[in-house]
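Participant: Build the full structure now, drawing on both the sequences and the hints.
Counting in the working numbering, the sequence shown runs from 117 upward without gaps.
Read the hints as simulated data drawn from the structure, not as lab findings. There are no misleading hints in this set.
With a cut-off of at most 25 Å between alpha-carbon atoms, the simulated DMTMM-like pairs for lysine to aspartate or glutamate come out as follows:
| id | residue 1 | residue 2 |
| --- | --- | --- |
| 1 | K197 | E209 |
| 2 | K239 | D249 |
| 3 | K239 | E141 |
| 4 | K197 | E246 |
| 5 | K205 | D249 |
| 6 | K135 | E158 |
| 7 | K197 | E158 |
Now the in silico label distances, taken between C-beta atoms and shown as ranges:
| id | residue 1 | residue 2 | range |
| --- | --- | --- | --- |
| 8 | N188 | E134 | 28 to 38 Å |
| 9 | Q118 | W192 | 20 to 30 Å |
| 10 | E141 | G166 | 14 to 24 Å |
Note that the Cβ used here is the ideal one computed from N, Cα and C, for glycine as well.
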Amino acid sequence: MQPSLLDSSIYISALRSEKTALALERLTAGAILWLSAVVLQELYAGAREGHREVVERWERSFQQSGRILVPNLSDWIDAGKVLRLLAGKYDYEKTGRGRLTNDALIAMSAGRMGIRVITVNEKDFRKLAEFRDFPWQFVTL
117 MQPSLLDSSI YISALRSEKT ALALERLTAG AILWLSAVVL QELYAGAREG HREVVERWER
177 SFQQSGRILV PNLSDWIDAG KVLRLLAGKY DYEKTGRGRL TNDALIAMSA GRMGIRVITV
237 NEKDFRKLAE FRDFPWQFVT L
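Facilitator: And the structure:
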């Protein structure tokens with residue numbers, strides 16, 4: 117099975133709903149999961165007080181397994197290039213490009229490693245995939 121990485125939208129849904137957390141377990145059963153450092157940053161930034169400990173557990177678990185994906189310089193450069201192309205095609209202003217920066221970093225770093233991004237954010241990842249090839253999957257939870 118291809119290594120996979122969950123977008124923050126999936127983790128957030130799992131934190132908010134036990135039913136979603138169970139669906140997530142079924143979705144990822146048997147998969148080799150990675151955690152993006154970008155997703156981790158998003159989770160810490162938006163974690164409610166009651167969820168912070170869960171995020172910390174996820175961080176420790178992925179860190180111990182050596183499966184935290186950190187964007188490197190080429191990922192940052194590729195993300196910038198893709199964001200420029202998106203801005204040109206879809207007439208995004210700076211705010212729109214800024215909103216997509218994290219998703220672009222996730223996509224570029226996952227693509228470099230051949231890791232599939234699983235997301236509920238179809239709109240943004242579909243647009244990113246127009247300009248860079250990376251494995252991704254849209255799911256509904």
